[in-house]
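K.L.:
full-length UniProt numbering puts the first residue of the sequence shown at 1, with every later residue one more than the last.
The hints are simulated quantities; they were obtained by calculation from the structure and are not laboratory data. We put the beta carbon where it would ideally sit given N, CA and C, even for glycine. Certain hints may be false.
[Said to hold, decoys possible] Label-pair distances were calculated between CB atoms; the ranges are:
no.	residue 1	residue 2	range
1	Ala262	Asn195	15 to 23 Å
2	Asn415	Leu522	13 to 21 Å
3	Asn195	Ser290	53 to 61 Å
4	Asp168	Glu52	42 to 50 Å
5	Asn195	Glu52	32 to 40 Å
6	Arg463	Asn425	14 to 22 Å
7	Ala146	Ile75	19 to 27 Å
8	Asn402	Ala262	48 to 56 Å
9	Leu9	Glu419	23 to 31 Å
10	Pro213	Ser359	56 to 64 Å
11	Asp267	Ala146	21 to 29 Å
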Amino acid sequence: MTGVSLANLELNSIRWLIQQYQVNWNITGNTCEDITINNPDGGNLFCETVGERQSILSINIKTGSPVYHGSPDNIPALIFPNLFLFSIDSTIPPLNDSFNILSLLDNQYNDIKLENIALLNMNVTVPTNFPSNLLFLSQFVIRNSALYSDISFATLLNSTTRYLTLSDISFVTGYSLKIDSNITYQNIQTITITNVNVIEANGLLKVSQNIFPSLYYLVIEFKIPENVTVDSMALSALSVTNGLVTIEDQLNLTTIEFKTSAVSITDFSKYPNLKSLEIQACTQPLLKASGLTNLLVNNSLVPNMPDDSWFSPYFSLSLLNTRTYGHLMDFSALSPTSIVILGIQNATSQLYPSLCFVSQVYLVDTTLVDPFVPECFYCYWTELMNKLPANTPPIPAGFNCNITLESNGYNLADNYQTEISIAGNNLGYGRDTTLGLFILKTNKLFQYTINQPAGRANISFSRSRGYNFEIFWGPKLTVSFIQTQNLFTGDLLVRLYGIFNTFAPLQVSIGSQKSICPISFLSTYELNCLIPSYSTSEPQSISIDDTLTIQRLYSAPELNVTSVSSISNEGGDLMITGNFGPNPYNVSAWISFNESIPCNTTSLNATHLICSVPALQENIVHPLRIYANGYNVSREMFISKQDCISTRTGASICSGNGKCVAGRCQCLFGYGGHFCESKLMSNVIVSPNSTTPAPTMVVREGLNFTFNLVAIQELNPLDEIIQELFTKEWIHNEVVTSELTRATYQLHRPAGSMERVTAIIEHSPNQRELEFAGQKTIYSPHSIKLAVNIGSWPFQDRLNKLRVLLESKVTVDDNECDKLVVESNDNAKIDYIRMSIGSVSLYGRFLPYAEADNHTIGIVNQQVNSTSDTLLVGMVLPYCQECAIDPDFSVLMSNTDDNIDHCDSSNKMPPWKLATIITVVSAAVVSAIVTTIIIMKKKNRFKRESKIMRKRLNTVVNQ
């Protein structure tokens, strides 16, 4: 025994039923599961647990071979308080026929829930007052049974009963079905009475709104003709057999069927909602109808052939022995599904092409008036020849059917699709086809069942005739992006990424000439093809075709990011320049080591990505990862501190001569200085040096500036000098054009030395914008740009660092102008310096970043030492193998006075200014820049090193 036991009253009641009707169930079971555990006859119980007991919801008893369980006890009622449905189909007489099953069910315990009762194949007695306690009885059915009592509409339907079915009922002598048309049956909605031997309607069945206000479906068969009047707007479906029917106009009927009846109406177009009309063996002729989707007339007169005004789209027409005259018209505009004209007829016909799409055509008993026969009939002649008019021309000798498909390939909407629709011409009638091929529209449309999301199959629309095709199906061709790669073999590899149907006949072509690219690899998500003896770095127009879809995209060569704009710690718009291509795909940028900070895209085209960066930590290098077209590249961004926006007013402090870009002032043409406060001087004379990278800038007679790379040092973590290289002997080469003067210096080293040092000095009359260390820098006209590259330095320890020392010196002959004044933001961490010698200023800018081993890194710029006319500045970088620095120098003129031809202590001219912009372009470099400035205040932590450096420099100078 399993589960929760049935409540005792219900258990006793179900056991009584098992005994009474000798049901082959387990009478000793205590649960629904145990009771029906052996159920050869197919009945069932449905139960639910209520509280701690099971309760029966539905009982469906079917008896086969009787099983005796003992005689049933006397029982006053069958108690099932939660029973919703009771059905019994018993060909076996009850053991004790003194009990009435309806009386036992009609009790106060079953009054609320029991709604459906069905009695089949039984001897039934309906109590006179049934139902008296079943307050919500909705459906009452008796089929294939003998009735030993009257059934009265007045009693049975004067309750909540809504659905009544009495079918194949045989009343014993003296009893009948009594229909009283003088009272109102408020709730009944459907009545089906078929093959009932005795019906008493007192000479008239009235179907009116007053008598049957809720009735919408009526099917009734009389054994003896009975008068029926119909005048109810609620009625939708009416079927009368053997009736004398009087029916009013303009009712809401949608379905009408009359059999062996006399009907008062011949024009059914008076019923605007009528869709189905069937008339069989009736006396009145059918003259008119409209809007029908089904017309069947059998052994009744239809004098004239119906035309298209009778029908709605997709109708079926059957005229059997209707003695119809006229010509069958072309119903192509209505797409009929069936046209059958058989038996005694006087009609003519024509085989229209539209009949190819009608699933059932029988025109045997019509006369063909046009010898034209559409191809579809000859394609399937053996099946159709006996359905066509007798005078139809036979199939021509040597006829070949032109059967075609609109497409051999099919795209699926998703991976769960299990059918595809196949359209074509002359596809047949769905006979002798491949398994899984089903007709949807004759000769035009079929459905084929598939069991995988992509595949290929051979299908046949007629296996005996060989009407066979190969089809394929799968996902729709989608190309997301295309990459190209120039191979060392000289061939071009094209990679397409997206969704591909590997069963489709894919073809890839390139360029306007559509040169075929042979496929070398294919999967659902990637396709590769190879163009021999071809290479390019430009986007190529690529087409791919699977006979269903053509995709055209431009290829994307390997991603090349040519520049990344600078940005300050306050964030803002970042512009990334690269070859994103004509159809950029999945382009994005991410910041930080774990790519956790998105750069939110605001604009994108073939060459530029603009995205918004949030505030970031200042003075450190942030990794930047850029994705496009399946590629990705890495860059570093040095985030500088915002230094050109007033913290008080929020306005630019670039002197009205520039704009704030990435936290720094970017000066307009002709201006310079940290805050663009001065004009550039264009008449400075640059005197090159052929032995060392130490050019002289002649500001005026008696005032010169020079700079020179004097030494490279390796420092340990305690800032102690481990080894030192003095840069004295150089090999010089110079190239001069109208746009640029370039002098290249290679440090001479003894044989066997590892380190390489190169200095390049450039001077141009034009303003230039160059990228270095991943940042764009503007170089003023007539500025001197110094690039220093150091490679293969023999570090003694990877924890050590390099310091490059750059000396800058001023030579002044005019004693009135030899007083030096220097200012700096921070000697230990220099951003800029300014030195004034009498009426002239030298301005230097020091960027806090450089490049090392192709990476941007942060560096520290420090004042190392100074004298009365010389300043030594060091740039300190961590361990590196390939390093470079890139400063530049410019002379600036005061905005207040352009006269610099004299030096008068009583009327001093405004100071000239030399802007020194130092930009590091290679990673892992330590550079020290010695800049000529006036004596600066020393910080205590540099005093000891200054003394040491003074001695070393004196040694170098005196050698």
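K.L.:
Confirm or reject each hint.
P.N.:
Hints, verified against the model:
Between Ala262 and Asn195 the C-beta distance comes to about 21 Å, which sits within the given range of 15 to 23 Å. Range check, Asn415 to Leu522: about 19 Å between beta-carbon atoms, so the 13 to 21 Å window is met. About 33 Å separates the C-beta atoms of Asn195 and Ser290, a value inconsistent with the hinted range of 53 to 61 Å. For the pair Asp168 and Glu52, the beta carbons lie near 44 Å from each other, so the given range of 42 to 50 Å is met.
For the hinted restraint 32 to 40 Å between Asn195 and Glu52, the CB-CB distance of approximately 48 Å leaves it violated. Our hint of 14 to 22 Å for Arg463 and Asn425 holds, since their Cβ atoms are close to 19 Å apart. Checking the proposed 19 to 27 Å range against Ala146 and Ile75 shows it holds: the Cβ atoms sit about 24 Å from each other. Taken as a hint, the range 48 to 56 Å holds for the pair Asn402 and Ala262, whose Cβ atoms sit roughly 53 Å apart.
Checked against the hint of 23 to 31 Å, the pair Leu9 and Glu419 fails, with Cβ atoms roughly 52 Å apart. Between Pro213 and Ser359 the C-beta distance comes to about 41 Å, which lies outside the given range of 56 to 64 Å. Between Asp267 and Ala146 the C-beta distance comes to about 43 Å, which lies outside the given range of 21 to 29 Å.
Figure legend: structure checked against the earlier numbered hints; hints not met, in rising order: 3, 5, 9, 10, 11.
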